[in-house]
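For chain A, the structure is supplied; the task is to place chain B on it using the hints.
Single-letter residue listing:
2 protein chains.
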Amino acid sequence: MPEQALVASALGAWKSNLERADRVFSALNEEQLQKEVAPGKNRLIYLWGHLTAVHDRLLPLLEIGPRLCPEFDGIFITSPDKTVAQLPTAAEIKSAWDEVNSKLLAGFTSFSPADWLQKHASVSAEDFAKDPSLNRFAVLLSRTNHLAFHLGQMALIPKPA
Amino acid sequence: MPEQALVASALGAWKSNLERADRVFSALNEEQLQKEVAPGKNRLIYLWGHLTAVHDRLLPLLEIGPRLCPEFDGIFITSPDKTVAQLPTAAEIKSAWDEVNSKLLAGFTSFSPADWLQKHASVSAEDFAKDPSLNRFAVLLSRTNHLAFHLGQMALIPKPA
Chain A
1 MPEQALVASA LGAWKSNLER ADRVFSALNE EQLQKEVAPG KNRLIYLWGH
51 LTAVHDRLLP LLEIGPRLCP EFDGIFITSP DKTVAQLPTA AEIKSAWDEV
101 NSKLLAGFTS FSPADWLQKH ASVSAEDFAK DPSLNRFAVL LSRTNHLAFH
151 LGQMALIPKP A
Chain B
1 MPEQALVASA LGAWKSNLER ADRVFSALNE EQLQKEVAPG KNRLIYLWGH
51 LTAVHDRLLP LLEIGPRLCP EFDGIFITSP DKTVAQLPTA AEIKSAWDEV
101 NSKLLAGFTS FSPADWLQKH ASVSAEDFAK DPSLNRFAVL LSRTNHLAFH
151 LGQMALIPKP A
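Protein chains in written order, with my numbering: chain A, 1 to 161; chain B, 1 to 161.
Do not rely on the hints blindly, as some may be mistaken.
Stated by the list, open to error - Sample of chain B residues lacking proximity to chain A, with all beta carbon distances greater than 12 Å (derived):
| no. | residue |
| --- | --- |
| 1 | Glu31 |
| 2 | Pro66 |
| 3 | Lys94 |
Unchecked claim - Using 16 Å as the maximum straight-line C-alpha spacing, the simulated EDC-like pairs for lysine to aspartate or glutamate come out as follows:
| no. | chain 1 | residue 1 | chain 2 | residue 2 |
| --- | --- | --- | --- | --- |
| 4 | B | Lys41 | A | Glu36 |
| 5 | B | Lys94 | B | Glu71 |
| 6 | A | Lys41 | B | Asp22 |
| 7 | B | Lys159 | B | Asp22 |
| 8 | A | Lys41 | A | Asp115 |
| 9 | B | Lys15 | B | Asp98 |
By construction, these hints were calculated from the structure, which means they are not laboratory data. Every value quoted in this text rests on a predicted model; they were computed, and no experiment measured them. By construction, the Cβ of each residue, glycine as well, lies at the ideal position given by its N, Cα and C atoms.
Here chain A stands alone, though its shape is the one from the complex (with noise of 0.2 Å):
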């Protein structure tokens, strides 16, 4: 059915950004992650947070379940790189990634094209009427551009030997 391909479509993209990402972060170690994508901008360990915290607000957005890592948020969404003195170390981040986007790619897998079509989380029923476009299946997108968005600056960095 043409719905289920395109669906399928959008989690391949999903899933080839993430996988691109995860390459980056997991061959750094600690004091790799240190480094700025541009010289006084986001370091790579805040940008791995910063990931990790918008793609566990898909959870309850998207209806799958409750948050894995709310207090990621003070850290890594509201406070702007180097504003906070210690974040969480590089295997506590790795394991909040791991833990959800597996969770993530569970739901994303388990939606019909018609559940994606359902509003999400952040609009009311009135407003959803009027406007169908907030569906869950605009959300996806959007936050696979966001991902995008980062590894474009992560890419500016070189890899290391």
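Okay, now just chain B, sitting in the frame of chain A:
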């Protein structure tokens, strides 16, 4: 119909990323376009030409029409930045960018969901039969992510006052 809503979401994501790029590029003069996104990395003017060339390639790839600026490939795809002596001017790039994206959007909005699920022009009928994910919709999502990837780099440059 669900397939039309799914396609509409993907077109919305394409358009919002494109408008975002357009706002950045169109606000800059020739001198500002010479800035590198990070030390030693691509200049904004190069990224503008690069995105124009990549989008231009979508015209034949999605069978919308012939290319409008094939001469951009040698400058903005196969050559890295700062290896070609004379780039097109900002006005020339803007003109190609506008024309390419306008023609693409006209093609995109004329496609039905079934059109989006057709094979793209670089895959053989035989390979497409084996892997129907090699369709035009996957190309649209991939190029939207490509655009977001470079938007992330462009965002590292402070906006002109």
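Hint numbers contradicted by this structure: Hints 6 and 8 are the ones this structure does not satisfy, whereas the remaining hints hold.
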